[in-house]
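With these hints in hand, go ahead and build the complete structure from the sequences.
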Amino acid sequence: MIEFKRILKTYSKTILLTILIVLNIFTFLYWENEQYDDRKTYSDIMISELSKMKDMDKDERVEYLENANKNEELTLSLISFIKSTENENGITFYEENVMKFYNEHPDIVEQIKNKTIKEETERIKQIVYNKLLEQAKNIAGYDEYLDSIETKKQELLTFSIFNKKGTFNYKNIFKTAEDYKALKDINLEMGNYTAIEEFANYKYINIFLILSILIIVFSFLEDKKQGLKEIINTTKNGRIKLTVGRIVTLFVFCIISVLALYGSVLGVSLLMNGGVADLENIIISVSMFSGTTLNITIWEYLGLFITTKILSIFIIGLFIWYFFSKIKTRNLGFLATIIIFAIEYLLYTQIDFNNYMSILKVINIFPLIFLNDSLKKYININLFGNPVNFLTMIYIFIGICFITLILLHIFKSYYDKRQTFSLIEKIINKLRTISDFIINRFSLLMYEIYKIFILQKGWIILLVFIYIMSNYRFLGYNGGFASLQEQVANYYTKEFQGEIDSDIYTQIDTLKEKFEKVTEDFKEQEEKYKNGEINYYQYYSHKVDNDQATIHLSGLELLENNLNKLEERSDKENVKLWLIDNNPYENAYGENAKGKQNIALIIIGFILCLLLANSFSFEYENNTRMILNTTRNKKKVLKSKVISAFFIATSIWLFVTILELRQFLGTIETFTLFAPIQSLEMFSSFPLKINIVTYLCFLYFGRLVLMLLITSVILFISSKSNKSISAYAVSLFAILTIMLLICWINI
Amino acid sequence: MKLEIKNLTKKYGDNTALDNLTLTFEPGIYGILGENGAGKSTLMNLLTDNIKRDSGSILYDGKEILDMKGKYRELLGFMPQQQGFYENMTADSFLHYIAKLKGVDKKDIDKQISKLLSITNLEKVRHKKIKSFSGGMKQRVLLCQALLGSPKILILDEPTAGLDPKERIKIRNFISSISRNKIILLATHIVSDIESISDKIILLKKGKLIDVNSSYELIDDIKDKVKEYEVTEEELPQIQDKYKVSNIYTKNQKLIVRLVGDDLPSEGKSVTEHLTLEEVYLYYLAE
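For the protein sequence lines, the chains are A and B, in the order given. In case it helps, my numbering puts the first sequence at residues 1 to 747. In case it helps, my numbering puts the second sequence at residues 1001 to 1287.
Keep in mind that the hints were calculated from the coordinates and are not lab data. One or more hints might be untrue.
[Said to hold, decoys possible] Calculated cross-link-like contacts (lysine to aspartate or glutamate; reagent style EDC-like; alpha-carbon spacing at most 16 Å):
| no. | chain 1 | residue 1 | chain 2 | residue 2 |
| --- | --- | --- | --- | --- |
| 1 | A | 430 | B | 1123 |
| 2 | A | 634 | B | 1067 |
| 3 | A | 572 | A | 681 |
| 4 | A | 634 | B | 1049 |
| 5 | B | 1128 | A | 581 |
| 6 | A | 83 | A | 122 |
| 7 | B | 1129 | A | 581 |
| 8 | B | 1131 | A | 621 |
| 9 | B | 1124 | A | 436 |
| 10 | A | 635 | B | 1074 |
| 11 | A | 636 | B | 1123 |
| 12 | A | 457 | B | 1049 |
| 13 | B | 1131 | A | 122 |
| 14 | A | 635 | B | 1067 |
| 15 | B | 1205 | B | 1287 |
| 16 | B | 1128 | A | 681 |
| 17 | B | 1124 | A | 425 |
| 18 | A | 635 | B | 1049 |
| 19 | A | 634 | B | 1087 |
| 20 | B | 1129 | A | 545 |
| 21 | A | 494 | A | 581 |
| 22 | A | 52 | A | 189 |
[Unchecked claim] From chain B, some residues computed to sit far from chain A (all C-beta separations above 10 Å):
| no. | residue |
| --- | --- |
| 23 | 1009 |
| 24 | 1048 |
| 25 | 1098 |
| 26 | 1150 |
| 27 | 1197 |
| 28 | 1220 |
| 29 | 1244 |
| 30 | 1253 |
| 31 | 1284 |
Owing to the predicted nature of the structure, the values given are computational and were not obtained by experimental measurement. Note that beta-carbon positions come from the ideal geometry of N, C-alpha and C, so glycine has one too.
Right under this line is the structure:
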């Protein structure tokens, strides 16, 4: 109770735990698939379709959904077709079945034209039908699936490697068949299972869960850090009783963390997607769980999952706590933990279930972390020649760990001898001698960088930043072409990119002649078909060529219009403009890219704050300010801090610029960079007569200046703060405000 | 070489930490004695230009230290009362860093550091992180950094705090051995540390200078201010409340108290021999 209160009363921990819960919910919402934004429409359609199928049998549902899905595909094709006809130069080239649908459903055509039917809604409908169809097929085919297992059993027993009595393979075949036989008459139901699927697929929650347990575990280790251990050890209740109290506290916090984190995610998912009533259905009804043999409702599954998760995370917490309490330094403890987790992960992912070492896949923390994956599998592990269900093995593993770790903790609390690991210490000492040799040769500037990245652990922030930006897509997306004509025009724009001269026009004319000949030829063939001189297939082949030629002609026409507009502007502005494919430039530097740029800006601002906000307050907190102030090179220290901060900001700018340019340059012909900037539609009114590459130089230089200004603000705030937390808080607030203002102006 | 303080004043709000202090320091060891809040650390921080003064001047060889700037700091070695390190650095790398900040010649850095670590018994742990050191070991690292660069003015605030008697004696002797041609200011509560090595002792009370003299002179001044009395156990609490008691002991089964002060009862026996600096402290500085 005392430990529980002590941890809760440390407000920073309570705040941290709350932040983790909030972050978890946001990550869940952000992570969620982006197939559709309108969840309400999705769940309304889902509920409506499910109620329509309520009285249908399994096969009727499959048929209904297949038809609905097909019709939906046609409706979507029809929408695209009608959109293209609304374009000035629209092309009416679509497949015959779409034309047939168009002719047979004038009511749908009318609804599309007067916007009663919306594309986004129809797209969502298609997603719903696909999902429900998958469900319906699983349910309809389930009995067959069960029968096939029995059939497979008989087949396998005809092979010699499977029919030797007493072997694992032999026993496994019988066990598998028996386990699935028990599911023969279960009642599977269709339902709105989106919430449970999202809940089961969401894996990032494990990070938040482990972080929350780490907060609790490290609070147990605080007395070791602060030198209180000796005092506590000499008190009456400072050993076994305290350890038992802490074990109970950890267990209680595991319950709270699991319920808070998983409960909030499940609650949010059910709120967004609905489907609470369907939680009474058997878990096997959910497609992703169709392979399991758990004959329980979804509610019962959730209960089983939560209970197992609490025990799992409790085991992990006990393990980490024991490990860190035995290892002298925290850094070594982290390193060792990472290595163990990495080995466990390799064993979990690389060993096959059929391998004789598959037991190592089970005696592993990762089945506990990826618990949903473990619960939805049906696999039997070879335990000394006997097939034991994977799930059963996990519970045995939990039980053994539970007892072992608790006993270890109690034993350790009674007699605590700190491990010296003298060989490791010798190695560490040697490494430190080498690192001192290197560090002692640093200049004052390098010391400041060393303080930021090593002493203040900035390397972690740097690695996270590199990971995020390396996977970041800087380029926007223009949403595709409104019509085929535009698509074709763009194709030829890319072909003829460059300075506008008579050559381009000559090539266009040549192409036009070629395609006009095809259309003329088609007219003749059409006549012949009408007269019965050629059959349908011959006619159709010419028709296809004609349709292609028509698109190309309209594309070329559009290209000519664009060229004329460019020439007009050239004359007006007295600049020889080029023909350029605008899309890559729009995607990198135009409207399409604004969202991406704004997010990148915020990330960079955030990272700069985390790296630099503590530059000065670090000296206050370490009480080194006074010593530094009395040295001859006091001013050099100040200069070094500023220069190192600018150096870091410049490096970040350079890194991001290289990544962005790498993505961008892969989408253009580099010679187009030397075109006048006004050649791009989005810069048609640009006042200076410069080329694109010059503009980009100014742009990137401007970004560098902005980064250095941000850095200056951060350093200024840091110099006025004597506590790290206030330096971080004020810097983050100030910089994020500036970033958001810039983003808002940008928008 | 002369360091002069003239009419130095420092206030923190309504509280006057140093009140019109005037002192002159020449090469030698000066012990600064005073209670908590007497102004010792404030004096140290003003001499090292870590805080701004309200009025007065500090002159080194006639030049104002604020005008000398870097040149003055070249002469300084400072050991603050609060332990300040980068705890994740090793002792060796921390001292190298400070040496560079002090502008110590590259050729001399390793030699100076090795010598200082050897004197302070830290040679074997030089490549261990400071955060793994005991309080006393950290104190010794602080002392090493103050001594780097052979400073002419050494300002040590509680230099022997946390050290065992053997280490304290060693440090004391070391300070004594390097005091030639240096001005060394030692602020401490531990009277015995300065009694034997200080040339002069400065007594500070509530920001004011009480006296500056050698320990011999200071003890001589209170010769007629110390008396011993035979008392009963019942009388003892009353006496402790009313007078400053420097010692209580039992002799021939009788309880003897030694009192220090001006208005002592007449019937006591005057003590003129074996007086200590602690009695000087009690007389001048204790409430």
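Just pull the numbers of the violated hints for me, sorted ascending. The structure conflicts with hints 5, 7, 11, 12, 13, 16, 19, 20, 24, 25, although it agrees with all the remaining ones.
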